Amino acid sequence: MIPQEIVDFIYSGQAGAVGSRDENMVPMLAMCWGTSIRDTEGVVITYVVQEQYEQILKNFNNNGRVTVTLVETTSYRSYQFKGQFLEARAMTPDEVDFQRQFRETVVAGFNSGGYPYEVADRYVGRADLAIEFKVEEIFDQTPGPGAGKAVELAK
Amino acid sequence: MAKIPEDLHPAFQGVIPSLITTCSADGEPNITYLSQVYYVDPDHVALSFQFFGKTIRNVEQNPHVAVIVVHPETGVSYRMELRFEHRETEGDTFDEMEMQLAAIASMTGMEDVFKLRGADLYEVKSITKLDDWG
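Residue numbers (numbering that gives the first Met the number 0), protein chains in the order written: chain X, 0 to 154; chain S, 0 to 133.
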């Protein structure tokens, strides 16, 4: 299971990115905008803009390796989740509401941090696709010499 | 190979942090935030090498990386596919990146953490605009 402090981190509204690679080991990434979990199953669900994921979805279907990094931009605290792709699917109505609230919170945060509203509004994506994957490993990615340390998953 | 257009230059000021993904030789992608993507010329950027972590180990095994930079005046993101060429530990690019990194560290309270060990030069292979506003 995912430790509670990381569950809290996921739901505190962090943006991040999703990474994959193709058969020639060429990596690809795109942003993700809102993340939730089904913790009893160790499944992480992240919300993305589908038109930016053409190559990434091909990669997932070819080799299944998924990496997601979430970051708190004010403190640089960040975690990286690695695992196996399960599916990409349309968002449920509850997820659409969740992502809309996430988006409003993040845009407001950037705006209060000094970014013009128009810039923040365009930066933060309007997700239309849910990507599910089974988490196998979590790493603390907060910058510094200790970055990359594995997080022990709760039994 | 792609050329970096002049109107993309503000995306290299580091106002909004960039992201990088690398891939190990055995096929495991890795993502981390990046303090600096530095414009060198229309065909090249330099990335800051600060820590002996997974990103550097992966680049030593596999020269392909992808980064996302954000234009601070529009909020539009751009994905760049890059290929590692070489590392510089002195010279104009290194010195200018070191000064810029010190400024970024000062603004973010990371003075004790951020230290430039190398300026890693990459060839730009492609640039893709990521913008759900069309």
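Honestly, the hints are just simulated from the structure, not real lab data.
From a predicted model like this one, the values you see are computed outputs, not experimental measurements.
All residues carry an ideal CB built from backbone N, CA and C; glycine is no exception.
A portion of the hints provided could be inaccurate.
[Unchecked claim] Pair by pair, the computed Cβ-Cβ distance ranges are:
hint, chain 1, residue 1, chain 2, residue 2, range
1, S, 102, X, 11, 24 to 30 Å
2, S, 41, X, 11, 18 to 24 Å
3, X, 71, S, 114, 39 to 45 Å
[As the list claims (entries may be wrong)] Result set (DSS-like, lysine-lysine): computed pairs, CA atoms no more than 25 Å apart in a straight line:
hint, chain 1, residue 1, chain 2, residue 2
4, S, 2, S, 124
5, X, 133, X, 57
6, S, 128, S, 2
7, X, 57, S, 114
8, S, 124, X, 57
9, S, 2, S, 53
10, S, 124, X, 133
11, X, 148, X, 133
12, X, 148, S, 114
13, S, 53, X, 148
14, S, 114, S, 2
**Prompt:** Of the numbered hints stated previously, which ones are contradicted by the structure, given in increasing order?
**Reply:** Violated: hints 2, 3, 7, 9, 10, 14.
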